[in-house]
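Undergrad: Chain residues, written in single-letter form:
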Amino acid sequence: MNTIPEINYLNHPKGIKSWLLTLDHKRIGVLYLVSILTAFLLGGIFAVMIRLELLTPGRDIMGPQTYNQIFTLHGAIMIFLFIIPGIPVALGNVVLPLMLGAKDVAFPRLNLASWYIYIVGALVALYAIFSGSVDTGWTFYTPYSTETGGAVVAMTLAVFILGFSSIFTGVNFVVTIHKLRAPGMTWFKMPLFIWSIYATAIIQIMATPVLGITLILLALERIVGIGIFDPAMGGDPVLFQHFFWFYSHPAVYIMILPAMGVISELIPVFSHKKIFGYRAIAYSSFGIAFISFLVWGHHMFISGQSQLASMIFSFLTFLVAIPSGVKVFNWTATLYKGSIWLQTPMLYAFSFLFLFTIGGLTGLFLGTLATDVHLTDTYFVVAHFHYVMMGGTVMAFLGGLHYWWPKMFGRMYSIKWSRIGTALIFLGFNVTFLTQFVLGTKGMPRRYYTYLDQYRPLNFYSSVGSWILALGFIITAIYLIHSLRKGKPAGNNPWGGLTLEWTTTSPPPTENFQTPPVLTHGPYDYDTADVKPTI
Amino acid sequence: MDTTGTLIMPPAGSTIASEVDWLFYLILYISIFFFVLVVGAATYFFIKYRRRGEIAPTSQVDHNIKLEIVWTVIPLAIVIILFFLGFSLYMRMNIAPKDALEVKVTAQRWLWTFDYPTGINSVNELVVPAGKPIKLLMSSNDVIHSFFVPDFRVKMDVLPNRYTSVWFNAPYPGQHNIQCSEYCGKGHSEMLGIVKVVSDREYTEWLESAAGPGEGIDLESYGEQLFTSKRCVTCHTVDGSLNVGPSFLHLFGENVYLQGGSQVRADENYLRESILAPEAKVVDGFEPVMPTYQGLLKPRDIDALIAYIKSLGQEQGEQQ
Amino acid sequence: MNHSQSRPAYLAHHFSDPAQQRDASKLGMWIFIMTEILLFGGLFLAYTVFRTLNPDMFYNAHKHLDLTLGTVNTIVLITSSVTMALAIRSTQVGKKKQTLIFLFSTLALAAVFLVIKYFEYSHKIHLGQLPGRFYTYTGIEGTNPHIFFSIYFTMTGLHAVHIIGGMVVITLMVVRTFKNHFSAEYYTPIELTGLYWHLVDLIWIYLFPLLYLVG
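Residue numbers (the working numbering), protein chains in the order written: chain A, -10 to 524; chain B, 72 to 391; chain C, 744 to 958.
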């Protein structure tokens, strides 16, 4: 019979103050988890409102100005407050030092500071919402963003502040991975989740400052009219797009790489099998990180950039497909002749494979210059990035959350309800977004408040899908919260994992390990190590 | 040529559309192949190797160089082919034939203006002869817009500080929607227009009639036509509900509250000024976003619009 | 063996020895410095774009910057880098009084830099050589000279913010030196401050020729 250890990081020391001033990476991870899930809830409510408005053409629940603010906030909150921090700050903070066999991250105070900076950024964003809101779209394109009313400066300030949080997390993780690995853990004995977090951190460090300077220039443009992006003053609005996408395309990989890392953990554990192509998966993370800096111009094929530039960006964009494809093939090959355990985390891994493959393949249509002309700025793009971001990252986040939940909180959630939740989310997601691919090929532009009558049926189905999706998330929230008190104690290693976090108690003590761990086998050595699931 | 569209593509209204569709379907079939390969295999493994009770002995093969080279090189070859196909078609889509008929397009919130070589212009209605290459030279008066005709498979951003262009050749008479596809504010989704593809003869006739508009119908009905065709309808309603701009219902003769606290009577001169210099007097509670119609409307057009607004204000006395 | 004796007070609990802690801190600082370079990199890019577009205007506008004051400021900053390096050296050999003298010298030189910058700025403001919308000066030939001053003020302004930030951190180091936090064994914070200060200096060494020595 499994029990919860009497003293663990959750209950010792006690009190609100001990949480707000904690330097323990696990507690900071939990604080982050609560914060990003709050942001996800808010962004999700906005998403449902968008779909309600688009249920029929014309006005349903709000006017065009409100709608423009709502879709801007949906995008800005989901991207800057949920999905960019997402997996690294919540799951990564908790399990990265555990997986490395370390007592904490390299700079615990910087870690806590990054959470507070995140909260300050979120509060400034809230202030922006309530002091006039923002209707620029999350992309802040000039000259619209320098002309329109509302609290654009406050919102750019919020994103600027959040950038610091992101950089601090990145610095912390890189140094931790370099300096604090357990004895015996060579680079190629690191779990693949660590590899992906490392590649992510490098992008965070290198791309975020460029976003920072872009936002400074945008704010200056609005406050003092420096004229750099303002066509009326000899500036160039397309320059802003170059600046913006130089960050925001690599940012896409800040969002997806950690997700790929989670999947690389789930598939071998639940197949009870060595991962296929460990080195290929590790290297491909870096291949993706590197190429991600060279493809920003594929957002701008019809923006008036030169045809030569478009040609180069199109070619490089296709190259990024290869390392992503290699990963997908490796995961599939890992399943071959495995002993596949259909637990909830694995169901999410399957959802990821299914949805991310669609998301990736639809990228081919957008990387191809001639077809991109027709499809860009339509719902095809909306569907494409939701398949990658939500079908990819959110599914992996949920998979990771269900996988490490017993480690983080020591208790197991309801298996039956978690299966129902997974099924509803998978179904609802496809109903919502598969329809949007067709809306896009049929020519419905994105960011439309109302639409031509021919797009009516598909919009209706898409909105219905969003309700199924919402129901799935509500069920998931309920059984997870319920499990915190009522769940069965999970035991140290419920799934039969081989990485170091499963060698300590669930939940772990503040110092992580009773005795400093020494690595005796690789992260996926199911051929030599003897381990069995305990639930 | 396909004029009704397929399940997933709109009708092909230009010569280039069927080529784009061919490439689109090629990528679609390649994608379906890879999707079935990966997800099909994964699904099969999930079913065949699912755990029944105890952990079954598993294969521990962790790499296979030949297989890994195959699944790297084949996709690489495919994407390089796609790149070349996409690029060569893209270049043809971008280089307009020399003899193309050139029309100047001006985008502003939230309407399209088309200036023809003969000196006439139209709003939100682009009339072109069938079977001739048309080149659009485009610029914006305010923010970035994007000119998108789904049936033609063409789209190009319209920028405030420089010219961009698209070209197309629509072989058959018919009508096609124009949609703005770069977010530009409140009226973005109603910044719509129509491309009317007509025969040579009809095109010549249209050029003539457009030069002397609205002959033979009374001012009120002509104004009602203009209300739609010049896209006043994007921002103003005639049923009293609020949109981007004030409603025209019961407007005429009413006292209007302006920004800054002053008042003005909505008479003919006020309406005329508001059409030609909209920023001069802005109604309280609205933003000064209306573009000027100076040069876009002929004197008779303005008379007609005022007459139409007048007709909407007739019952004012009875209402109160 | 007594636990507290084997671990010096400055060693955080999650590091196994001082060398590991020092290496980690240094690596972290170098990464942070990289982000700073990328931050300014964006501005260098904007500079390049607009200088390529308007080479003549850039040439004409740069002549309105005061080369003498710019040169003096360059010398002042380089000297402050030397005093900062000497402060680190003094800590390493355990000379507290010397450390304090050099830290104060660095602070003083930084202040001199800002004062000179203040005179340069106020002269420009007086003439109306201001960024963008506020530009009212008429004596510069070429298209859009306000863009030169937009870039000048943004670059030097952001750099001045970094100088002020550096001064705050150096002041903190003064306080910690007073309180005897540092020794010949443990001086990482003061070393990292030095790294940051050299970066701020280095950025100026790029800004100076780009803005004051066009052509």
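It is worth saying that the hints were derived from the structure and are not from the lab. Even glycine gets a Cβ: it sits at the ideal position worked out from N, Cα and C. Take these hints with a grain of salt, some might be off.
Computed, partial: chain B to chain A, Cβ under 8 Å [to be verified]:
1. Ile79
2. Pro82
3. Ala113
4. Gly124
5. Glu139
6. Ile140
7. Tyr161
8. Lys206
9. Leu208
10. Arg224
11. Met227
12. Glu253
13. Ser260
14. Leu320
15. His321
Here are the simulated EDC-like cross-link-like pairs (lysine to aspartate or glutamate), alpha carbons at most 20 Å apart as the crow flies [what the hints assert, rightly or not]:
16. A:Lys168 x C:Asp760
17. C:Lys806 x C:Glu863
18. C:Lys860 x C:Asp809
19. B:Lys369 x B:Asp186
20. A:Lys168 x C:Asp766
21. B:Lys137 x B:Glu125
22. A:Lys521 x B:Asp186
23. A:Lys326 x B:Glu125
24. B:Lys175 x B:Asp186
25. A:Lys326 x A:Asp516
26. B:Lys267 x B:Asp186
27. A:Lys326 x B:Glu139
28. B:Lys206 x B:Asp271
29. B:Lys175 x B:Glu291
30. B:Lys175 x B:Asp213
If you want the footprint, here are the derived chain B segments under chain A, 3+ residues with CB under 8 Å [said to hold, decoys possible]:
31. 97 to 105
32. 142 to 156
33. 375 to 383
Undergrad: Can you give the numbers of the hints that this structure goes against, from lowest to highest?
TA: 2, 4, 6, 8, 9, 14, 15, 21, 22, 29 and 33
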